[in-house]
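Colleague: Okay, here's what each chain looks like letter by letter:
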Amino acid sequence: MDFTFSEDQLLFRDSVRDFLVNEVTPERIRGIWESDSGRDDGLWQQLAEMGLTGITVPEAHGGLGMDELDFVLLAQECGYVALPEPLVNTALVAVPVISQLGGQAAAEWLPKIAAGETRVAVGCSDNGLAEDAAQAGLLLWAEPQALYLLTPDQFSARFNESVDPSRRLYAIDIAAGVLPAASGEQAAALYQAVLDRGALGAAAQALGLAQRMIDISVQYTSERQQFGKVIGSFQAVKHHMANVAVRLEYAKAPVTRAAYALARGEAAQVAVSHAKLVACEAANLAAKNSIQVHGAMGYTWEVDLHIFMKKAWAMAGTFGDTGFHKQRVAEHIFADGVALGAGTTF
Amino acid sequence: MDFTFSEDQLLFRDSVRDFLVNEVTPERIRGIWESDSGRDDGLWQQLAEMGLTGITVPEAHGGLGMDELDFVLLAQECGYVALPEPLVNTALVAVPVISQLGGQAAAEWLPKIAAGETRVAVGCSDNGLAEDAAQAGLLLWAEPQALYLLTPDQFSARFNESVDPSRRLYAIDIAAGVLPAASGEQAAALYQAVLDRGALGAAAQALGLAQRMIDISVQYTSERQQFGKVIGSFQAVKHHMANVAVRLEYAKAPVTRAAYALARGEAAQVAVSHAKLVACEAANLAAKNSIQVHGAMGYTWEVDLHIFMKKAWAMAGTFGDTGFHKQRVAEHIFADGVALGAGTTF
Amino acid sequence: MNLNYTDQQNAFREEVRSWLAEHVPAEPLKTFDTEEGFQQHREWEATLNKGRWGMVTWPEELGGRACDLIEWLIFEEEYYRARAPLRVNQNGIFLLGPTLMEYGTEEQKARILPKMANGEEVWAQGWSEPNAGSDMAAIRSTARKDGDKYIINGQKTWSTRAVWADWLFGMFRTDPDSERHRGLTFILVPLNTPGITVRPIPQLDGLPGFAEIFFDNVEVDVANRLGDEGAGWSVAMATAGFERGLMLRSPARFQETARRLVELYKANQASADRDPAVRDAVMRAWMDAESYCLTTYETACRLTQGGKIGAESSTNKIFWSELDQAMHATAMSILGARAELLPHAPDAGDVGTWLDGWLFAQSGPIYAGTNEIQRNIIAERMLGMPR
Amino acid sequence: MNLNYTDQQNAFREEVRSWLAEHVPAEPLKTFDTEEGFQQHREWEATLNKGRWGMVTWPEELGGRACDLIEWLIFEEEYYRARAPLRVNQNGIFLLGPTLMEYGTEEQKARILPKMANGEEVWAQGWSEPNAGSDMAAIRSTARKDGDKYIINGQKTWSTRAVWADWLFGMFRTDPDSERHRGLTFILVPLNTPGITVRPIPQLDGLPGFAEIFFDNVEVDVANRLGDEGAGWSVAMATAGFERGLMLRSPARFQETARRLVELYKANQASADRDPAVRDAVMRAWMDAESYCLTTYETACRLTQGGKIGAESSTNKIFWSELDQAMHATAMSILGARAELLPHAPDAGDVGTWLDGWLFAQSGPIYAGTNEIQRNIIAERMLGMPR
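Top to bottom, those sequences are chains A, B, C and D. Position 270 of the first sequence, counting from 1, maps to 269 under numbering that gives the first Met the number 0, and the rest follow consecutively. Position 11 of the second sequence, counting from 1, maps to 10 under numbering that gives the first Met the number 0, and the rest follow consecutively. Position 44 of the third sequence, counting from 1, maps to 43 under numbering that gives the first Met the number 0, and the rest follow consecutively. Position 298 of the fourth sequence, counting from 1, maps to 297 under numbering that gives the first Met the number 0, and the rest follow consecutively.
Don't read these hints as lab results, they were simulated from the structure. Please read all numbers here as calculations on a predicted model, not as lab measurements. Do not take every clue at face value.
[Said to hold, decoys possible] Some chain C residues judged to face chain B by a derived CB distance under 8 Å, without partners named:
id, residue
1, Met286
2, Cys292
3, Cys300
4, Ile317
5, Ala378
[What the hints assert, rightly or not] For each label pair, taking beta carbons as the anchor points, the in silico distance ranges come out as:
id, chain 1, residue 1, chain 2, residue 2, range
6, B, Phe226, A, Arg27, 41 to 47 Å
7, B, Ser5, C, Pro342, 47 to 53 Å
8, D, Thr303, B, Lys228, 37 to 43 Å
9, C, Glu14, B, Thr343, 16 to 22 Å
10, A, Ser34, D, Ser270, 54 to 60 Å
11, B, Pro151, C, Asn3, 40 to 46 Å
12, B, Asp335, D, Glu262, 34 to 40 Å
Backbone N, C-alpha and C fix where the C-beta goes; we use that ideal spot for every residue, glycine too.
Extracted from the complex, chain A is given alone in its bound form (with noise of 0.2 Å):
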């Protein structure tokens, strides 16, 4: 029993984190909202430099050949900067999905991602609309019994507009007879790999911003005067914080443990669930009370925590809403004879 990462892990994570707090400002994702595409070539190119962008490219298709534990913290970090670059769907969803797909797929696009050649995006019939869609080299669409990678030629994409201007989402039509990569059954467990794993990248992020979010309220009320007082002497102030920080710290070991499930191909449905809920809980909280620490100002463009916000309440709808992880816990905690209580966890 070892529920730490590794001084590796720890130490890599560091170094992205200062990677994407340096390069990823508010000012550079604003000129990013305020750009064509909403994307960044040259952003993604960094990312491929660093090696992220094949970080779980398997070693013989020229990646660093990682596994989603060693990526979940550097999820989290990618939420801790809102990334609007697909990096977190690339590395926990297309590539792990691609892998297991295997043979000519895996042969002619897993290289291309891991060297920044190709932006891949990843859409999911649950989430009706696929985000990056139109800047993708490569659209990996999950259906339930259905899943396609598509190169631009293959479909048409419709641009529909997301509260988080980060967010490019996209309705997609397949054009007539293009096949899918895989059917049927292989396609139904695709499926729900594709749904598991974004809704880990979903919380991983959502844990990211919500600390971000904390960080933005407390150093913003240590400066701001009101009353002729800091504002984040007030104990009503402090006491906003104080609660988000309580449920984002106990939804931390459950995003890891889900990471660790689906890396270790364990069981993982309802720890995925488990950990979306309470860290886009943790995210909302955090989102509602930055709000309102901020006052006013808090309502507008002009501070950065909407970037946050508006990321944390898309988080909290896509790769499964509420409802859908809520029945998946449903399902096991109310089955007969499942074991719960002392001793159960692991």
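On the provided structure of chain A, position chains B, C and D as indicated by the hints.
Modeller: Frame of chain A; chains B, C and D shown alone:
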């Protein structure tokens, strides 16, 4: 449209409040707890002398001939002092139901109730147990298909201890051969009436209980010092109390409205359920926040808080628990074709 | 107590309902946080005023109907039922209007109120300043008296509607040596006066609902002062009282939101019920909206009989703002993955305007005195807890 | 990372499980807030000690098994699964024990720990005083040094277990001129010393879980001082740290409550589902108990590898105490009208001990530093917000 009580109603309320606050002190309640019968015949006589036992008894039968709306303010005052005597059930449930039965039953019992000669108890199969069954000269026992008026020789009572020592609860066995006072459809209607009226009484008492817990807590926190300050000056303590005040403030009008509907013979089920839910929720929040601001002191029999807290907990489950009343609200608002929204309240 | 409407009240409701049925634009207006929408809403104010429905509580000689509070509640119910446009001039109607009637000179009333009523002059509010926020006593913008003029310098912020509004009312420090809430004066300022710069502040939806306003030696006639010099605080407190009080948030709005939430839930029941918290939240929404309506009627009846609004009115804003947030959060939860889509997104389906409402609901617990300040007020003034 | 137990850990679990299966009393013991129950629990401590299961984390020479934190968690899981009795000497085991090991002399350890381990000496705590509560710095009871004795005067309150306990540990002011947290000394006091009066305080269930203790010129050997004179504050802070930290509330307890709640819900599903909030609350209970377990294992692993417990441990007490309250509130809601019945009431049916648990859960957010104080600590020390 006039949603106000009359001057007379308010003045009567004030005089009853003065009487109750002076007579039904926490000390007297502690004495009642320690008595064998758990009731105080002297107090019942005092209530009778003020006309309260007969307040809803028709004047022809020696009462004051007032209605549910006249009494609902007084029921709140009964809650405010946590009156152990069954005045609320008498005035809101037993007397109106016996009046509806009319005939011999009304002629025999109503004058005795008004005069304070007979203490009447109310039981309802939804509650399982009947409060005060062993202390009463008459037990009104309601089942979905049968309504009984039982004298002490007609049933046996088995004592069940409640967390609230003021509540004397009994499982009853009706003697063989005792006939119901009403059966069939009439009994079904009266059963509903017992539930609705009992629930209104519980809701009104819950309002008074919540107010008392606020008052006790405000006083305690205004005197008690910690860390060199009066604890009531801490923002967290203030906000605990403010949160109760908000919920309580908005629970009052629903209770009045439910009493109005019952008094006017209008459809009252949804109004009663709404009132009971919000009033009991306010009282439960009052209990939770009051014990918290009392600190360890709140956890003891030393302070008076628990007298009111325990009764508040009991009110939530009696005469229809939360599930019962939520179901009735749900049946109303989710029905097809129901008129909801602006302008549908009155 | 009598909870039936009088025949007269029923007739009034019928009159409102049929006029609105005839006049409410079939197409929803654009939001007044855009220039085009602002103009549309200004025209709607003129239409309302022509029908004498603009300010139903105002005296008849000012174009109103001298409605009492119950009639006002009925009017609001019908207004929300009919989905009539939001009131672009609410700063004027609900805040400045009542204040003017109490503190204004006859000349001021005659000059200002008719143009407020017909939408010709839309009002912005100038309470907050940078580093002041809810703390009005920290105001630092100055108005120096010079003959029959005030010379205004400084900055206001969070000024709602100010981007396209015509006038602003606000507080300025006329005594430079004064501190906190002394030495402040309430002044009305035409926004086209030289020296004024208005800078829009985009809000959560990206539209300029607020503005910052910079004053650089702005000259305003002394005649535009409301109340006495140095008495601004008490004038403003009356205005803020209107803001927090009954007049700003009629129950109808929340009851309509609750009704739409019930509809949304029923239309999506199978998926919504996977999260049992949703059904519970919908029920709570209806109950709380109903509680808010009942309590407001109770207060209105008490006031029309000469009662006074007490410290318990501070509970009002917390109750409705938290209800509004909770209702919209529930809708977002029901909508799931679709919740993030803007209403005009091509595949947004039945998302309606819930997202707009959700964004707007975030401001409820903040503006007009944060809910934390309201809780302090409740604890100290209503419950008598120590400061 | 490896989330599988080692073979050794699995074997340890088996050993615990089979010993408990053999020794846990078939009939639940009476509560230790009664004299008879106290005696029963004292005997259970002796039984545990005989099997070397009383203090599994203690060194072997003191009758323990030198378990690491993971083994301790496993032991606790089995202990709660087996529904073994509550630990009457938890003040000694979890609070004084670790403090003694850090601050005690060899003589003190040898004299005190074995009798603590076998239940011969049960310990009460003497932190709070009237008008001090959670504010230990406000302590006013004095200990005046007189040769090799301290003469103690004053009053302690909220002393858990003190009614039938043998010894008390607490803080006393040895420097009469000192203020706040200076000049305090940590002293161990035999409760049978002349001059001591113990007055039981009935708690919510009416039983004397607490006591007030009056000291009237009580003479205690200087050898009973723990740590240096005037250094009581830092010794006590270490003890309070144990109390708030990992050792007091093992996840097993909450996971078992969550499991019982799931069972209660399933047994009453039809009536429980009339209130949709219940099902949601049951799901949350399971998830939060699971989160608590996962997080505790994560912390335990970090600590066994030499990591330090940080300011984030202040989140611990808020999390479990609110979880405990919420779970019991949900059970009360499921039980409906039966919820108010005492467990021994003849018609209580399946109410079980939920009411007892509910009463006890009320104390969670209060004791060992109220949750308000914990929130201050989190904001200031963990998040770095201004004081």
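Colleague: Could you work out which earlier hints the structure fails to respect and list their numbers in ascending sequence?
Modeller: Structure breaks no hint.
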